[in-house]
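Be aware that the sequence shown starts at 1, since it is given in the numbering used here, and climbs by one per residue.
Incorrect hints may have been included.
[Stated by the list, open to error] Cross-link-like lysine-lysine pairs, in silico, DSS-like; alpha carbons within 27 Å at most: (1) Lys97 to Lys335; (2) Lys284 to Lys97; (3) Lys244 to Lys233; (4) Lys93 to Lys364; (5) Lys35 to Lys56; (6) Lys233 to Lys259; (7) Lys259 to Lys244; (8) Lys35 to Lys19; (9) Lys88 to Lys101; (10) Lys23 to Lys35; (11) Lys275 to Lys335; (12) Lys95 to Lys233.
In short, the hints are calculated from the structure, not lab data.
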Amino acid sequence: TASALNLRSSPNTKNSAIKVLPKGTHLLSLSASNKKWLKVRIPQGIQGWVAQEHVKLYLPEGLPYYAGKFNSTPFTSSLEASILQYMKETYTKNKLKRNDKLSIVVQDLTTGELLVSLRARQSVKSASTIKVPILHAYMIQRFKGKIRESSNHKKLIEEMIRFSSNPSTNTIIKLLGGTENIQLLLDNTKLYKELSLTETIPEDGRTYQNKISAADLNQIFVNIWFKRVIGTKYSAQVNKTAAKEMLYLLALPGHAWLKDRIKADTCFAANKSVKLWDKTGFVKGVNGNAGIVEIDTPHGRRAYSLVMFMEREDYQTIEGDASHWYERVSLHMRKISEITFAFISNRYESYNECGRSQLIRYAKLALAPRPLQVSL
């Protein structure tokens, strides 16, 4: 419950701390809970003592699971079932128009398991999320030796990812030989199936021709995370260096007014133990966010990818200022992120209340057996 806690070598404040544990750290209890001091083990295997008054004790609880119903449905997981149920409710209650469609991929990066895949291969307007594949192309050319990186290049790349600068992006596109050359380069990686880069970013930022899918974006984030982003033709060290630089850029804070839809304004936004590497994108008719979330658990750090697009293909039907539509769909994207966070936290026995009640509610509704229909 404290902002930080000392892990000590013995149950005594006179001994120096072995390690300072930030709030949100998960520990495994090794002693009885009715004493002033609690013997614990942290995920790195280190054992020590903490003052019990500053910790929360909990027993991990499973989620509702209806084996018969679940096994007879096409749901990838109970998380996917929950998200589908959430979207069904938003349509039924007119919180979203039925032509506001969700494309989403969630993957557990510890097991590699694909947890959610809804409209994953649907080609959607990429908006500024296209800047991640452009960064990928830049890294490939740089490590091939086709580009000799300068301080100006570094500045442009950081502006493109961190601040989503369109002029900087267009300069990088030109540096890489134009959109056709970048498309060919990325096609050769065999990572992208729906990616279509056909235009530079207009001055007003309204790019409607560039396309990508949630599955494509998920694939590049997964390859960055597992340090194989440049390809198997290059050494592990080259791939590691490129991935490290890309993750660094994707973790940088952007403009204060430009909030992500994965962590910002969610019920886990204030949790400093949660790390996020991401890229957002918005143009009238599409709101996107792709990233990797890493959380603390009793079993160590655990990560998952989350890629979401909310798209209204007939974007001309959005009435008035598009910012109102953006805010509305952002709210629902954050709710879905909270449900996902709750699912992963529960999966790895992490203490968490954020999104849990919603996850359980929608899982029960989606997976509960339904009565047979009768016809005479």
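Outcome of the hint check:
1. Proposed proximity of Lys97 and Lys335 is supported: the alpha carbons are some 17 Å apart, at most 27 Å.
2. The suggested pairing of Lys284 with Lys97 holds, with an alpha-carbon distance near 15 Å, which does not exceed 27 Å.
3. With a C-alpha separation of about 18 Å, the suggested pairing of Lys244 with Lys233 holds against the 27 Å cut-off.
4. A hinted pair counts as satisfied when its Cα atoms are at most 27 Å apart, and Lys93 with Lys364 qualifies at roughly 19 Å.
5. This hinted pair checks out: Lys35 and Lys56 have alpha carbons roughly 14 Å apart, not beyond 27 Å.
6. A threshold of 27 Å between alpha carbons decides the hint, and for Lys233 with Lys259 the separation of about 37 Å lies outside it, so the pair is violated.
7. Pair hint Lys259 plus Lys244 holds up; C-alpha atoms about 23 Å apart against a cutoff of 27 Å.
8. About 21 Å separates the Cα atoms of Lys35 and Lys19, which keeps this hinted pair within 27 Å; it holds.
9. Between Lys88 and Lys101, the direct Cα distance comes to roughly 11 Å. Compliance with the 27 Å bound is thereby established for this hinted pair.
10. For the hint pairing Lys23 with Lys35, the CA-to-CA distance comes to about 21 Å; that is within 27 Å, so the pair holds.
11. Only pairs whose Cα atoms come within 27 Å are accepted, and Lys275 paired with Lys335 is accepted, the gap being roughly 18 Å.
12. With a C-alpha separation of about 49 Å, the suggested pairing of Lys95 with Lys233 is violated against the 27 Å cut-off.
The structure fails to meet hints 6 and 12 from the earlier list, while all remaining hints are met.
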